[in-house]
Amino acid sequence: MNTEIKLLVSTLNVQDCVDWVMSPETGGIDVFVGTVRNTTKGKGVVRLEFEAYEKMAISEMEKIAQQAFAQWPVQKILIHHRTGVLQIGEIPVIIAVSAAHRDAAFEACRFIIDTLKQTVPIWKKEIFEDGEVWVAAQP
Amino acid sequence: MNTEIKLLVSTLNVQDCVDWVMSPETGGIDVFVGTVRNTTKGKGVVRLEFEAYEKMAISEMEKIAQQAFAQWPVQKILIHHRTGVLQIGEIPVIIAVSAAHRDAAFEACRFIIDTLKQTVPIWKKEIFEDGEVWVAAQP
Amino acid sequence: MKINILAFGIAKDIFGSSEVTIDLANDATISNLKYLLEHQYPRLKHLATYMVAVNNEYALDGDNIHERDEIAIIPPVSGG
Amino acid sequence: MKINILAFGIAKDIFGSSEVTIDLANDATISNLKYLLEHQYPRLKHLATYMVAVNNEYALDGDNIHERDEIAIIPPVSGG
Numbered sequence: 001m002n003t004e005i006k007l008l009v010s011t012l013n014v015q016d017c018v019d020w021v022m023s024p025e026t027g028g029i030d031v032f033v034g035t036v037r038n039t040t041k042g043k044g045v046v047r048l049e050f051e052a053y054e055k056m057a058i059s060e061m062e063k064i065a066q067q068a069f070a071q072w073p074v075q076k077i078l079i080h081h082r083t084g085v086l087q088i089g090e091i092p093v094i095i096a097v098s099a100a101h102r103d104a105a106f107e108a109c110r111f112i113i114d115t116l117k118q119t120v121p122i123w124k125k126e127i128f129e130d131g132e133v134w135v136a137a138q139p
Numbered sequence: 001m002n003t004e005i006k007l008l009v010s011t012l013n014v015q016d017c018v019d020w021v022m023s024p025e026t027g028g029i030d031v032f033v034g035t036v037r038n039t040t041k042g043k044g045v046v047r048l049e050f051e052a053y054e055k056m057a058i059s060e061m062e063k064i065a066q067q068a069f070a071q072w073p074v075q076k077i078l079i080h081h082r083t084g085v086l087q088i089g090e091i092p093v094i095i096a097v098s099a100a101h102r103d104a105a106f107e108a109c110r111f112i113i114d115t116l117k118q119t120v121p122i123w124k125k126e127i128f129e130d131g132e133v134w135v136a137a138q139p
Numbered sequence: 001m002k003i004n005i006l007a008f009g010i011a012k013d014i015f016g017s018s019e020v021t022i023d024l025a026n027d028a029t030i031s032n033l034k035y036l037l038e039h040q041y042p043r044l045k046h047l048a049t050y051m052v053a054v055n056n057e058y059a060l061d062g063d064n065i066h067e068r069d070e071i072a073i074i075p076p077v078s079g080g
Numbered sequence: 001m002k003i004n005i006l007a008f009g010i011a012k013d014i015f016g017s018s019e020v021t022i023d024l025a026n027d028a029t030i031s032n033l034k035y036l037l038e039h040q041y042p043r044l045k046h047l048a049t050y051m052v053a054v055n056n057e058y059a060l061d062g063d064n065i066h067e068r069d070e071i072a073i074i075p076p077v078s079g080g
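Residue numbers (our numbering), protein chains in the order written: chain A, 1 to 139; chain B, 1 to 139; chain C, 1 to 80; chain D, 1 to 80.
Worth flagging that the hints you see were computed from the coordinates, not collected in a lab.
Ideal Cβ placement from N, Cα and C applies to all residues, glycine included.
It is possible that some hints are incorrect.
[As the list claims (entries may be wrong)] Mimicking BS3-like on lysine-lysine, the simulated pairs with C-alpha atoms at most 30 Å apart in a straight line are:
# : chain 1 : residue 1 : chain 2 : residue 2
1 : A       : K41       : C       : K2
2 : B       : K117      : B       : K41
3 : D       : K12       : B       : K117
[Claimed, not checked] Sample of chain C residues at the chain A side, in silico, Cβ under 10 Å:
# : residue
4 : V20
5 : T21
6 : H39
7 : Y58
8 : G62
9 : S78
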């Protein structure tokens, strides 16, 4: 298999992700690591909560990986996404892409995170000191 | 300090690099991991040897980092480069860039590896079964 | 036909539940479903947008709903 | 003046040493140095290109060389 796509409730590990996509034919790996910021639009964030429609989220992430394989000469694609409660500095998502040459890895990785944010049924709630909001839900 | 630039003789560690660039203000980290491929132009590679003009290499990498800070709103930049003998699958270079927003991290990371390959005085010798060659030296 | 509707994110808050049951005509479309839901849960109309998924695929307004289809309300996603 | 020249990568192979000493006029330029080196080590002319660094900075052909400058021959780089 050249994809590993998982929703996880435990801490994501960057080294494991790099190790999984690496092979003797690999010349370059691009890794995107999302992290929980302490502010959003200038307002202090206490924590985030992620919820997923799990089966469909996996299937949409697999589609994105297949689109990336169709567009760039990449070798392996890994997408790990957290669900549940995340504190500041924790990692909601890791995307790792290996390729013989780096341009393909960079471009596919950026395509995957950009598309994931548009199509994959995962929702993020920001918890502030004085309330909470589902991100992007309201106009 | 918002840069960490090192030439190292021991194995590079991706997790350490991500941990170093991450801060509570970080929303996204892009990491480029170079790896030693088992072939070059269809010919089997046995191992690589990297040599650096150390003081100048550090100073040129620092310049590239400063150019990246001038062009993109990024927070921290790490460049770790190996010297010495590397086997297939080992990591010659890790570049990690953190930013509040992912576009800046992706663009700065790609700029740094592209520029590093053009200007930083580090040389790579490919060792084949039947000989060896300094990469890019001959026309 | 009785159809169970799964709800996620803000839709779960609007429905007050992660699953609601709606009575639909046998040849109902996604459009018909949205109309009924928006009548019963007017706050749905205040979302930036929302989609309906049928059997884990995004559906179009004209698509028909069949008994035993897995239907889910997909408010604007915000993963990553 | 006697100037030590550091060599790296293929330049080290061409010189047969990581450091050679060249006798230069006091007002010598990078161009003068390259001319002398290429005379003494003709294989330098077969490189794709090469640069000279003075005190850890890339130098131009017209730049002057001073006693105690740290001079290095920089064949095409291939890091990363």
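Consistency of the hints with the structure:
Distance hint between K41 of chain A and K2 of chain C is unfulfilled; the C-alpha atoms sit about 43 Å from each other, more than 30 Å. With a C-alpha separation of about 18 Å, the suggested pairing of K117 of chain B with K41 of chain B holds against the 30 Å cut-off. Annotation: proposed proximity of K12 of chain D to K117 of chain B holds, straight-line Cα distance about 20 Å (limit 30 Å). Here the hint on V20 of chain C is broken, as its CB sits about 15 Å from the closest CB of chain A, past 10 Å.
Proximity of T21 of chain C to chain A is violated relative to the hint, the smallest CB-CB distance being about 18 Å (cut-off 10 Å). Evaluation of the H39 of chain C hint against chain A yields a violated restraint, the C-beta minimum of about 20 Å exceeding 10 Å. At a threshold of 10 Å, the smallest CB-CB gap from Y58 of chain C to chain A is about 8 Å, leaving the interface hint in force. With a least beta-carbon distance of about 20 Å to chain A, the hint placing G62 of chain C at the interface is violated under the 10 Å criterion.
Against a cut-off of 10 Å between C-beta atoms, the interface hint on S78 of chain C holds, since the closest Cβ of chain A lies about 4 Å away.
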